[in-house]
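Quick note, the sequences are listed as chains A and B, same order.
If you read the first sequence in numbering that gives the first Met the number 0, its first letter stands for residue 0, the second for the next number, and so on.
If you read the second sequence in numbering that gives the first Met the number 0, its first letter stands for residue 0, the second for the next number, and so on.
In short, the hints are calculated from the structure, not lab data.
Here the structure is a predicted model, which means the values were calculated and not measured.
Be aware that a few hints might be false.
[What the hints assert, rightly or not] Below, a list of computed lysine to aspartate or glutamate pairs in the EDC-like style, where the Cα atoms sit at most 20 Å apart:
| no. | chain 1 | residue 1 | chain 2 | residue 2 |
| --- | --- | --- | --- | --- |
| 1 | B | Lys317 | A | Asp65 |
| 2 | B | Lys317 | A | Glu62 |
| 3 | A | Lys415 | B | Asp245 |
| 4 | B | Lys228 | A | Asp481 |
| 5 | A | Lys439 | A | Asp481 |
| 6 | B | Lys317 | A | Glu61 |
| 7 | A | Lys415 | B | Glu168 |
| 8 | A | Lys415 | B | Glu253 |
| 9 | A | Lys415 | B | Asp229 |
| 10 | B | Lys158 | A | Glu5 |
| 11 | B | Lys158 | A | Asp126 |
| 12 | A | Lys52 | A | Asp32 |
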Amino acid sequence: MIAFAELLERLVFTPGRLAKVALLRRYFATQPDPDRGFGLAALTGELAFQAAKPAMIRALVEERTDPVLFAMSRDYVGDLAETVALIWPAAPSNAGPPRMTEVVQTLISTPKSELPFVLTGWLDASDASVRYALIKLITGELRVGASARLAKVALAEVAEGRIAADEIEEVWHGLTPPYTPLFAWIGGSGPRPDPAGAPVFRSPMLAHPLEAPDIAALIPSAFRAEWKWDGIRVQLVATPLGRRIFSRGADDISGAFPEIVEAMAFHGVLDGELLVLRDGQVAPFADLQQRLNRKAPGAKAQRDYPVAVRLYDLLFDEAEDLRPLPFDTRRERLEAWYARHSPPRMDLSELIPFTTVDELSVIRDGTRAASIEGLMLKRGDSAYVPGRPKGQWWKWKRDPLTIDAVVMYAQRGHGKRSSYYSDYTFGLWREDGELVPVGKAYSGFTDAELVTLDRWIRNHTTNRFGPVREVEHGLVLEIAFDAAQRSNRHKSGVALRFPRVARVRMDKPAIEADQLDTLMRLIEPGAVQA
Amino acid sequence: MPHPETWLKVMPDGLFCEPGGFYMDPLRPVARAIITHAHADHARPGHDAVLASPETLALMDVRMGEGRAGAVQQALRYGEAITIGEVRVWMQPAGHVLGSAQVAMEWRGSRAVVSGDYKRQPDPTCLPFVPIPCDVFVTEATFALPVFRHPPAEHEIAKLLDSVSLFPERTHVVGAYALGKAQRLIALLRQAGWDRPIYLHGAQIPLCTAYGRLGIPLGELLPATVAEKDKLKGAIVIAPPSAIADRWARRLAEPVVCNASGWMRVRQRARSKGVELPLVISDHCDWDELNQTLDEVAAPEVWVTHGREEALIHEAAKRGIRGRALRLVGYGDEQEDLPEAAKTEPTVA
Ligand SMILES: [Zn+2]
Ligand SMILES: [Zn+2]
Chain A
0 MIAFAELLER LVFTPGRLAK VALLRRYFAT QPDPDRGFGL AALTGELAFQ AAKPAMIRAL
60 VEERTDPVLF AMSRDYVGDL AETVALIWPA APSNAGPPRM TEVVQTLIST PKSELPFVLT
120 GWLDASDASV RYALIKLITG ELRVGASARL AKVALAEVAE GRIAADEIEE VWHGLTPPYT
180 PLFAWIGGSG PRPDPAGAPV FRSPMLAHPL EAPDIAALIP SAFRAEWKWD GIRVQLVATP
240 LGRRIFSRGA DDISGAFPEI VEAMAFHGVL DGELLVLRDG QVAPFADLQQ RLNRKAPGAK
300 AQRDYPVAVR LYDLLFDEAE DLRPLPFDTR RERLEAWYAR HSPPRMDLSE LIPFTTVDEL
360 SVIRDGTRAA SIEGLMLKRG DSAYVPGRPK GQWWKWKRDP LTIDAVVMYA QRGHGKRSSY
420 YSDYTFGLWR EDGELVPVGK AYSGFTDAEL VTLDRWIRNH TTNRFGPVRE VEHGLVLEIA
480 FDAAQRSNRH KSGVALRFPR VARVRMDKPA IEADQLDTLM RLIEPGAVQA
Chain B
0 MPHPETWLKV MPDGLFCEPG GFYMDPLRPV ARAIITHAHA DHARPGHDAV LASPETLALM
60 DVRMGEGRAG AVQQALRYGE AITIGEVRVW MQPAGHVLGS AQVAMEWRGS RAVVSGDYKR
120 QPDPTCLPFV PIPCDVFVTE ATFALPVFRH PPAEHEIAKL LDSVSLFPER THVVGAYALG
180 KAQRLIALLR QAGWDRPIYL HGAQIPLCTA YGRLGIPLGE LLPATVAEKD KLKGAIVIAP
240 PSAIADRWAR RLAEPVVCNA SGWMRVRQRA RSKGVELPLV ISDHCDWDEL NQTLDEVAAP
300 EVWVTHGREE ALIHEAAKRG IRGRALRLVG YGDEQEDLPE AAKTEPTVA
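For reference, chain A alone in the conformation it holds in the complex (with noise of 0.2 Å):
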């Protein structure tokens, strides 16, 4: 359990990717099975044991603490595991601390009753780092800012080059822990671990922007256009083992969606866009929020929110892999098996007729649906290839809509830009004359314009709160967004989806950005954001 709190302790303050991944990577190079594959299991969140309470935490430190000083401690440390790890009275002996297997075999063996005695004894073995590690990891509320993708990254690091993540991610969900099989594989000791019919993930296409010059070297005839939804991709994996949606990001989100889950009565890996539908129209992007922020959703919110799935591809059909059909091929299949199952609460993606690229400009120029994020085009004959292959599919995102606005606040950003100030509250002008916040943007600025930025908050700085200045009102920046929707959460009644900046207007004066009421009149119709 040392290695695994020493990495715990040095992930949660690490911003970078890279530095990440070579953290990971080390603890899985030396550590020994199947300690290394628990610890696998405790970021990925794949354990499954029923988590203790934090009250039974707070029983446990009562007993030795004195309750004054506890009570210091806990109102100057903040968090109930921190405080408890660091002032659990050291009680020296020789067992030392648990090993990750012991822990997580026990965790699971044994009965709630017993598992008081069973954490003190570890606990007394342990330092503060450890200590922390098995609170956060016995309450269920190991959180470690490392997704189970940097995992896999660092596992394929592992492999020096022989395994790539995106096949790690193939046999992923038909592994369970302490995952013995895949470390020899990843080691050059064992095969392939075969998922057997289990319902694994595969690897996505991707598609890349569409940029001037790929469009004039556009073949119209070669490529098919679908819309391109502002919902969440998943993937829909059925098998006789079992039913799965995964996000894009290789999670299992089937519970969140079990009235999705409960239409997959068939077998096969079906890709498509999660959106909300209400009589074929689809909602805002907030509606779809509400039910990505529940785990376990009731029936009110199914009621109120309910989700479909529109189809884009057909990878699996029972066993049958398609992927390596060309686009064109595996449509036909996609209607034939769609027509034959008509499963509820999915529909087909529509195929947009088109003859040119200019008329195609003109159709993406024309949507204004906030549920619209712009265009894809597919090439017909695109085999299904993971990550993101060349010229194969586009995006071809509308062009944004853009307000003028006045930054009134700044925060220093994270990772590499921690010493900037990189993210800025912008506001605009209400009738009365007053500067209202509608909204945060963190990028579209380049390094030379962040420097600028940033050497103008310090030198116009009028007040602070911890990290955040709030500056004059001196600064406009263009602001480029994709939809303006309702909002009651919001001061200002308005919310923007992915707010970025598109210019720096150093020229043009404050008084001179748009007004609230400019931005109020791009609202679309819709759904109000909670």
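Fit chain B with the ligands to the supplied structure of chain A, relying on the hints for placement.
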């Protein structure tokens, strides 16, 4: 025997010894001052006569410039006793930084000890704390909560060196106060076998040089010239805490921002400062060391100058020790050029 309350008084300018006519670590310029150690919150400029250890006087001169650290300076070695007014005065090491001293005072058979800042962990750059039995012990309480238990400093240094070996292309920049912490860090790195040059931010150079002059060898130290970014790959750079997360550090090669401080024990503290590798290395006592010290000096009464006095007084009372909070403001502010936003937080190393 007079109770120390009757002759050792809390005045607006600090703690005043009446029969001796001197202040200890006064907050404003006074006629006669005894200075426990050269940190900015204890050693302030502009006093007429200053008594301190020879090392403290030398470090004050470096920090303030010659002539500003007392119009008249008098050096007093550890263990040497003198009489000031009616009071016998001597000093013993406090183990905090080079030259740091506890001031022992005796008047008409009653003895008080003002410990200044102190620690009990071993430190290769200064002499260890010597407990002095007394009637009243005056202590700080910077880390007086049972959540503060500093790990052995060697353990934290091993963490740093392990990170350097895992990220050999990056520069490890460690935030450490220019007086005491920086030199202890360097000496600990040397003890751990790190014999490559250690690079210093400009603000760290004068005091490191002074330590060398005062007989504390620190090995090869070079200025961290930003122009030589590539040379600093895989190097350890020591800088003031205020510089590590700011524009200065940006110019280093993919810096791993480290900070050496007792506050790093609390995650939120490390996170809010943007620290990637927190190192729990402090020049103050942790909870156990504070309590151990109270037991060793065996004073029936303890006065607490600053910090988390409530917790320490509560714990002392359980052992029959009477506690009194002096609430001296102005201590615990050792941060140099701290940005405004951070000034609301306690800032002792
Ligand atoms: Zn000090
Ligand atoms: Zn101090």
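Under the constraints set out in the numbered hints, which ones does this structure not fulfil? 4, 12
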